[in-house]
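A.B. asks: Each residue of the sequence shown is one higher than the one before, starting from 920 at the first, in our numbering.
Among the clues, some could well be false.
Below, in silico cross-link-like pairs of lysine to any residue (SDA-like), each with a Cα-Cα straight-line distance of 25 Å or less [to be verified]: (1) K1205 <-> S1076; (2) K1530 <-> A1581; (3) K1844 <-> R1405; (4) K1550 <-> H1505; (5) K1530 <-> D1585; (6) K1530 <-> G1103; (7) K1508 <-> T1577.
Simulated restraints, written as ranges between beta carbons of each label pair [as the list claims (entries may be wrong)]: (8) S1829 <-> L1804: 12 to 22 Å; (9) G1721 <-> E1688: 20 to 30 Å; (10) A1764 <-> N1860: 20 to 30 Å; (11) T1577 <-> E1397: 55 to 65 Å; (12) E1462 <-> E968: 38 to 48 Å; (13) P1376 <-> G1293: 23 to 33 Å; (14) A1549 <-> P1866: 45 to 55 Å; (15) T1398 <-> E1640: 39 to 49 Å; (16) R1209 <-> P1440: 53 to 63 Å.
Simulated from the structure, these hints should not be mistaken for lab results.
We treat Cβ as the ideally placed atom computed from N, Cα and C, and that holds for glycine.
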Amino acid sequence: MSFLSRHIGPEADDLTTMLDAVGAESLDQLIDRAVPESIRMRESLELPEPLDEPEALSALRRIASRNTVMRQMIGQGYHDTVTPAAIRRNILENPGFYTSYTPYQPEISQGRLELLLTFQNAVIDLTGLEVANASLLDESSAVAEAVLMMRRANRRSKSMRVLVDSRSLPQTLAVLTGRTRAAGIELVLADLGDPDAAAQAISAGDFFGVVVAQIGADGDVTDPTAVIEAAHEAGALVSVSTDLLALTMLRSPGEMGADIAVGSAQRFGVPLFFGGPHAAFLASRKGTERSLPGRIVGVSTDSSGAPAYRLALQTREQHIRREKATSNICTAQALLAIVAAAYAVHHGPVALRALAGRLHGMAADLAAGLRARGVEVAREQFFDTVTFSVPGQADAVVAAAADRGYNLRRVDGDTVGVSFGEPHTDRDVVEVLTAVTEACGAAEGESGADGSAFELPEALLRTDEYLTHPVFHTHRSETSLMRWLRELSDKDLALDRTMIPLGSCTMKLNAAAEMEPISWPEFASIHPLAPEDQTRGWTELIEQLEGWLAEITGYAAVSVQPNAGSQGELAGLLAIRRYQVDRGEHQRKTILIPSSAHGTNAASAVLADLKVVVVATAQDGTIDQDDLRAKIDSVGDELAGIMVTYPSTHGVYDTDITQVCAAVHDAGGQVYVDGANLNALMGLARPGRFGGDVSHLNLHKTFCIPHGGGGPGVGPVAVAEHLVPYLPGNPATADLDERGAGFPVAQAPHGSAGVLPITWMYIAMTGAEGLTESSRTAVLGANYISRRLSDVFPTLYTGDGGLVAHECILDLRPMTKVSGVTAEDVCKRLVDFGFHAPTLAFPVAGTLMVEPTESEGIEELDRFIEAMRTIRAEMQEIVDGKVSLEDSVIRHAPHTAQVLTADEWDRSYSRSQAGYPVSGLRRVKYWPPVGRIDNAAGDRNLVCECPPIEAFDAAYTAAAGQEK
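Let the sequences and hints guide you as you build the complete structure.
C.D. replies: Below you can see the structure in the form of structure tokens.
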């Protein structure tokens, strides 16, 4: 059996049934009618012949074998760690966690929300601040977000200058330089670890914010208290970059007066992954919640009065605030934050503190051993990283260590750095010292030199308690951890239970064979800054994948560096902007965006220092051509370009896309084609050939990387030939003095490389014909649902022949008008049928956007259709006056097991209608853990820490199974 037959849900007989419902004789006829001839590609994609699973895994094994697994001691923001097997098996390899979607429907997301709240709680405790988000993309871009947050939050300052510690990680300085230049912020560097230099720098300039490194790139630990106080006196806010594990020993940024703390949670059990995905964190003082980028998990109550988790302050989401959004962050690194939270829970404060002490002890012993050999140690105060001077001998030391299986950091020709991680032992200290002795001809020194001379002074050490919530003291045994994680995954609806028919979000099969390789040591244990001769396998995989993606999209080149779709958007817009500036067209700073576009489009445009002008939508859902021409004329030579989504966000193959592209090109602008809907184009049309200059892709949508509860994401950027020089550059080698044509947008050279084997496997196993068949089947599935529901919930927009692309918008507004039942009510009622809701109220309020994907078979599609028709009949009962809206089964949905098993029942409907509305649910039933959540109360009373466990018990006891 081929992989394609397992990836695509409908079988041959099912396809016939679906085509009959749509009114097409064949898939060829359907696609010919749906896809405009003006954009059709008739030739086949030039991709390798598809492999079956064993062949693909064998081919990937060969590629992986070209990587060299070493003892990684390079550091630089990436640390060797140990992923407990119980966490790897029960989270990273558990589809109950990795196939779930962003928790926009909180009632079916309580498990992952609890873990994300636990992550926030750990960050809050360790940083000593009051509010934290539920992760960002990586440390370097998180520092950039902190700078932008300080600019928003500092109402006292009109300055556009930020002072940044030159001791920061080199990749952070590279990312930050590009982001501040794009935003019109002047970046000033100074050594803030030097009290005199810091004082002079702060007093010399008017800054809205200061970024100081608690631990420098060379490992030195400083006390930033004086810097923070001086900055505050000068009217600036202060962000501190720090290390979560170090904070089990060191004074917290909050205690020292910082406004923001930022860093990476990678060393809390997340593999190196050749640079990512890794969860970054950002914490801040109370009162800054509405300026905080990313997502915040908060606590509200459900319809029974019990505590319930939810994403808070969703008015900040990009599809609502658009160009006024606080950032363009859409996906985070939720799955990796969940891993970090479980790691903190499993270890607890005592074990984490012991680990930190052990790492510092090994570093101190190494420093003492070096000094005993006459080697100069650069820093007296450090946590886990020792930098030392070996004039002219750095290459020899690094080579000698590599011969022994160790990767050290070559700082320059005279300097070497060594960073310790969780897997390292005292034997590693001896081996590194031996390598130094061999390379430099140093004296043997003392075999067990005493590291006490390098103990950290008490003034730097933490004295307050942290991780005090019971959850961090409960799950020590693996049995307890396993059962806790099972309890949490059972609370959630993920792709392993049901279709997730989210329009524009493409939740397709994440095959086990695709997922398996990401945990191979030859991929997972490679440092992103390892020497090139150790990473040939990664280089081969990435070059192949970028080439395949370029072929699929019709562009000249692709960069996989952006680690989210939003960052791919930003990278694409920065490429356009820098290309036009290089041509002397500085005035081109206006971007046209259709009103139906994804909200991140507008937010990304603002971050690229572009002005957004909205283009209206015509009655049929297409771009209003008259308004487009008027906007192009009014903007004139200030036009930078247009951002369009194709097929459109309305789920239609607009026939005028080539005219739109031509009109913008004729006016001197560039065309950005948002690749979120590429699942309707693979093998059928290529944006790089029908008018696009740049696109971002979503590997976590079209190309099978799972969403993981809201990330990891990968958003490669694809460009035409003239934009190739403006693709993101390598953050490890970026020249900060250059104009920044290719400044990086992510911390690692290849972004979240660790999940790229998933996409490699998908393309390798499907091949050209398989990708085309995936698109064709996705289009058929959407049209099947559209036609089967047309008499009860008509599709809002269709193209020629009444057809849609790979998604359809169901119009609930006529029924809402007569029944009062809202689209959100329908989403909650779908939970009782065991379904994740479609996309709610986007791009049109009062509608549901449905995308089944090619992986769903006809049985699941029919189950969804039955659920929607049943809900429509329940709405009709309200219209007919048989039941009032407030007493209806829909308004009370979703129904928990506690509610249905209460001793008393006074509803206008039966228990069976509430819990088992269709007979198929008697075979398998999902019970939501909470009733409908009060969103407004959660925003008014934001709580972003884990409540005491007793609060849940008391609430359930008080409710006694009765809803308020």
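A.B. asks: If you draw a straight line from the CA of K1530 to the CA of G1103, is it 25 Å or shorter?
C.D. replies: holds, 13 Å
A.B. asks: Taking the Cβ atom of E1462 and the Cβ atom of E968, is their distance within the range 38 to 48 Å?
C.D. replies: violated, 19 Å
A.B. asks: Quick check on a hinted range of 39 to 49 Å for T1398 and E1640, using CB atoms only.
C.D. replies: Taking Cβ atoms as reference, T1398 and E1640 lie about 58 Å apart, which means the hint is violated.
A.B. asks: If you check the beta carbons of G1721 and E1688, does the distance land in 20 to 30 Å?
C.D. replies: holds, 28 Å
A.B. asks: That 20 to 30 Å hint for A1764 and N1860 (C-beta), does it hold up?
C.D. replies: Holds: the Cβ-Cβ distance is about 26 Å, inside 20 to 30 Å.
A.B. asks: Quick one: are S1829 and L1804 within 12 to 22 Å, going by C-beta?
C.D. replies: holds, 18 Å
A.B. asks: May I ask you to test the hint 53 to 63 Å on the CB atoms belonging to R1209 and P1440?
C.D. replies: violated, 43 Å
A.B. asks: Under the criterion that the straight-line Cα-Cα distance not exceed 25 Å, is the pair K1530, D1585 satisfied?
C.D. replies: Holds, at about 20 Å.
A.B. asks: Verify the CB-CB distance for P1376 and G1293 against the hinted window 23 to 33 Å.
C.D. replies: holds, 25 Å
A.B. asks: The hint says 55 to 65 Å between T1577 and E1397; measuring C-beta to C-beta, is that right?
C.D. replies: holds, 59 Å
A.B. asks: Verify the CB-CB distance for A1549 and P1866 against the hinted window 45 to 55 Å.
C.D. replies: holds, 54 Å
A.B. asks: Mind checking the alpha carbons of K1844 and R1405 for me, to see if they're no more than 25 Å apart?
C.D. replies: holds, 17 Å
Checked against the numbered hints given earlier, the structure breaks hints 12, 15, 16 and satisfies all the rest.
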